[in-house]
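These protein sequence lines map, in sequence, to chains A and B. Each residue of the first sequence is one higher than the last, beginning at 1 in the working numbering. Each residue of the second sequence is one higher than the last, beginning at 1001 in the working numbering.
Worth flagging that the hints you see were computed from the coordinates, not collected in a lab. The C-beta atom is built at its ideal place from N, Cα and C for all residues, glycine as well. Keep in mind that a hint or two might mislead.
These stretches of chain A come out as covered by chain B in the derived footprint (C-beta under 8 Å, 3 or more residues) [what the hints assert, rightly or not]:
| id | region |
| --- | --- |
| 1 | 239 to 252 |
| 2 | 272 to 280 |
| 3 | 498 to 508 |
| 4 | 559 to 569 |
Which residues of chain A face chain B? A few of them, derived with a C-beta cut under 7 Å, are [what the hints assert, rightly or not]:
| id | residue |
| --- | --- |
| 5 | S55 |
| 6 | F170 |
| 7 | P480 |
| 8 | L483 |
| 9 | W493 |
Okay, derived cross-link-like pairs now, DSBU-like style, lysine-lysine, Cα gap no bigger than 35 Å in a straight line [to be verified]:
| id | chain 1 | residue 1 | chain 2 | residue 2 |
| --- | --- | --- | --- | --- |
| 10 | A | K243 | B | K1048 |
| 11 | A | K143 | A | K122 |
| 12 | A | K492 | B | K1010 |
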Amino acid sequence: MVGNPNCGKTSLFNALTGSNQKVGNYPGVTVERCSAPIHLGDTVAELVDVPGLYSLAANSEDERVATDVIQGKTEQPDLLLCVLDALHLERNLFFFSQLADQGFPMVVAVTMGDLLQRRGSKLDTARLAQLLGVEVIEVVGHKKQGLAELREALARNLEHPRSPSCEVGFPLELETKVAVLSERLARIGMDVSKTEVRHALLNPESPLVASLQDLPEILAYVAAAREEVSQLPEIGPSFDLEKRYAWAGMVAKAVTSQGVQHRSRTDRIDALLTHRVLGLAVFVGVMYVVFQSIYTFAGPLMELIEGAFAWMGERVQPLVSGHPVLESLVIDGLIAGVGGVVVFLPQILILFFFISVLEGSGYLARAAFLMDRLLGWAGLNGRAFIPLLSSFACAIPGIMAARVMPDPKARLATILIAPLMSCSARLPVYVLLIGAFIEPQFGAFWAGFALFAMHFLGLLVAIPVVYVLNRRVLRGTRLPFVLELPPYQLPKWRDVWLAMYFRGKLFLKTAGTIIVAMSLVIWALSYFPRSEADVARYEASFDAAAHSEATDEELAAARDQHVQSELLRHSYLGRFGRAIEPVFTPIGFDWRISTGILAAFPAREVVVPSLGILFGLGGDADEESSDLRHAIQQATWPDGSRLVTPYTAVGLMVFFALCCQCMATLAAVKRETNSWKWPTFMFVYMTALAYLGAWLVHLVGVVAG
Amino acid sequence: MESIPLNSTKTFWDLRAGMSARVVKACSDCPHGLRMQELGLTQGVEFKVTKVAPLGDPIEILVRGVRLCVRRKEMLDFEIEILE
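Model the full structure from these sequences, guided by the hints.
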């Protein structure tokens, strides 16, 4: 299934195949390969949705993937289903004329005919079929019109294939030379399309010419032929393009009843939504509603999921109690790990609901149009707006939302900076440290300012990062930014639900496996080694000291916390934390904070309960708990000096703001970029930035005293 | 080839909302120039500026029945003349 971008391909694909699609990647690249079985009467075929193309002359690596599929270089298609958008028939026919040159059997589906009709124009499909030489079926995917006829036509053409004929009207002199050259190349085993041969005869810089350097005889023929051809009237390097467009314009005129375009409704809406002042105001309002909804609607759902997992833990506990290792593995490792993944699901579903509604209605393109200038100077483009804004809630849906960007380099740049936006999981850390160190000393105003500054920091750092990425890491030619503002329409609910379903499923499947595995590793590191003897020893050391607790209950709780914190201190994770302490001392962190940071690498929100255990308060501490604030305020270095000063607190917050402490994010980046290279790169650069940032803050603290 | 008077050659920087223009010369060797020609902006074609974004760029043009948003600074491979 091939066609221009935005020609209604996805809608038609969904309508033809239902919900059985398989989403994967083409080998080695990030281009998504979407395919599904399609029932054609008695037979079942595989329908592959090839990424949208404007032309067969591939401009980028990713377009090369699509053109290779069409030209049968990666997998030989039995039949092409070419989708033509009736509203933009001329440009779609230009692409068709290139496809026709390939000589593959083809069936044409025309979409958007209903919208054309609403504009008072009509398409003569019989005449179009006659001119193109293949079957032409008009379809309205979401209303299921024409789908049965299309299935029949596909089945018929698989039995008796028909290839298109399209006489673009190249001069005979040119076509004879194209035929001669094609034949000579075929004889030496080079299978080259007519388009490429024609391009070589018109342009000395054609890629085909470059590949002929070892064949002086043919090269000489090409040069001679080009010389002759260039004598023909009106021939230039763009001759091929111009001729095709002339043909496409002629066909389009012949099959549509009138060319006048009425877009009154869309134009009236656009007068408001892309207005200089009002357009921006509406945009801010829309974004506010979207993100407010994500916070308000996701909150209760996330609590519900957390509650469900806690409940599940309670149900399971009796089954495994008596086996302390198994109990901890299942409750703290497995259930907590899976729960930690599933809890992100509501945010992802809600965000993708809004993205598909905005995309389906046509507003997403307007948002990109409005924001392009703002993001353009940093080397991004307008389409990066939604992914980056989403990342303030959570980087994972943000990274997944970068799919709306067709330019692979811009998309990668957006993915790589998305986790710098301050996500909601960082909030507990900020709340804890600001509550403990900023608010008591500097007052509520500076506390609020610190919270704002922490959210702003990531955005501020992202700008130079993108700048460097574009110049150093993601070099190479970039496609021009091209955007179409489609007519406004009601979103197709079926497409909205399918988008939510597939994104949700994909997230649970890929991110889930990696996060669960990592949580188990961290669990094991923080649990082992431990033995009954250790527990007894820590209990004894607690009993040996004097205690002021009033009741037996309090004493038992304090004893339990002491044992927990000693166990963690002596676990592999604790040992590693102490071993790595020298690395963190220059930025003002001791082994307890270092261990907390290490434990937080799979998921940063883990740091608060970890610090609770490390500072001897038990794992139930949360950011609002005044005990933990107090314990951290009072903590000292071995020499008695205060461990956490306001500078250390800010340093720690900066560290958390910039560091990539989220397995789920790395898993999502792995999934989206289809390689370990980019998640590794992201992890390294963000950790380095975090360390550098915290070090700078510490340095200021030392200088300022 | 007829020569073009210097003062009538304009670029995409000179376009304002509502203007009509014609492509005088398109660069086929420039990567952007080729892509934009594939999108219909071939030599001699006329187009109309239908929108200018609130921040001045990008602009939306109507060419061959298609409304296309482009960045002015990425369209400098094209020489244009303004019709009205």
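A quick look at each hint next to the structure:
1. 239 to 252: It holds: at least three residues are needed, and the region 239 to 252 of chain A offers 5 whose Cβ sits within less than 8 Å of chain B.
2. 272 to 280: holds (count 6)
3. 498 to 508: Violated - the region 498 to 508 of chain A has 0 residues with a Cβ nearer than 8 Å to chain B, which falls short of three.
4. 559 to 569: violated (count 0)
5. S55: holds, 4 Å
6. F170: Violated: closest Cβ of chain B sits about 15 Å from A:F170, beyond 7 Å.
7. P480: holds, 4 Å
8. L483: holds, 4 Å
9. W493: With a closest approach of 26 Å, the A:W493 hint is violated.
10. A:K243 with B:K1048: Distance of about 22 Å is within 35 Å: holds.
11. A:K143 with A:K122: Holds - the C-alpha atoms of A:K122 and A:K143 are around 18 Å apart, at most 35 Å.
12. A:K492 with B:K1010: It is violated: about 43 Å lies between the C-alpha atoms, which goes past 35 Å.
Hint check: violations occur at hints 3, 4, 6, 9, 12; the rest are consistent with the structure.
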